[in-house]
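The sequence shown begins at 1 in the working numbering and counts up one residue at a time.
The hints are simulated quantities; they were obtained by calculation from the structure and are not laboratory data.
Hints may contain errors.
[What the hints assert, rightly or not] The calculated DSBU-like cross-link candidates involving lysine-lysine, where the alpha carbons are at most 30 angstroms apart (straight line), are: (1) K63 - K27; (2) K30 - K55; (3) K55 - K27; (4) K27 - K62.
[Said to hold, decoys possible] FRET-style restraints, in silico, Cβ to Cβ: (5) A10 - Q46: 17 to 27 angstroms; (6) H18 - Q46: 26 to 36 angstroms; (7) G92 - S52: 17 to 27 angstroms.
Ideal placement from N, C-alpha and C gives every residue a C-beta, glycine not left out.
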Amino acid sequence: MSEEITIELAIRNEHGLHARPAAVLVKLIKSFQSDIMVSNLDGSGQAVNGRSMMKLVSLGVKKGHRLRFSVTGEDADAAVAALRSEIASGLGE
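Start from the sequences, fold in the hints, and give me the full structure.
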């Protein structure tokens with residue numbers, strides 16, 4: 001099994017992680033083979049599967065909240081790079 005890579009990224013979107021940016025994030029996560037778990041460090045901290053839009057939205061992520069992404073798989077490095085880029089660019093907003 002591949003080694004887990006963990007990163008923490010802050011959400012910059014004015015309205016947090018609502019349906020539209022969550023859909024962009026899920027689409028990105030689904031484009032990789034790696035398992036990607038997401039937790040809101042400024043919320044409950046509970047990790048959810050990043051492939052589930054409902055679970056991501058249920059994290060209650062607001063502007064400035066820090067998300068922890070735990071990525072495991074053969075394409076983990078590429079997934080981490082893509083996550084960094086997409087979050088920095090505002091998830092389509």
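These are the hints, each one checked on the structure:
1. K63 - K27: Holds. K63 to K27 sits at ~21 angstroms (cutoff 30 angstroms).
2. K30 - K55: holds (14 angstroms)
3. K55 - K27: Judged against 30 angstroms, a Cα distance of about 14 angstroms means the pair holds.
4. K27 - K62: OK: K27 and K62 at ~20 angstroms, within 30 angstroms.
5. A10 - Q46: 17 to 27 angstroms: holds (19 angstroms)
6. H18 - Q46: 26 to 36 angstroms: violated (19 angstroms)
7. G92 - S52: 17 to 27 angstroms: holds (18 angstroms)
In this structure, only the earlier hint numbered 6 is contradicted, and the remaining ones agree with it.
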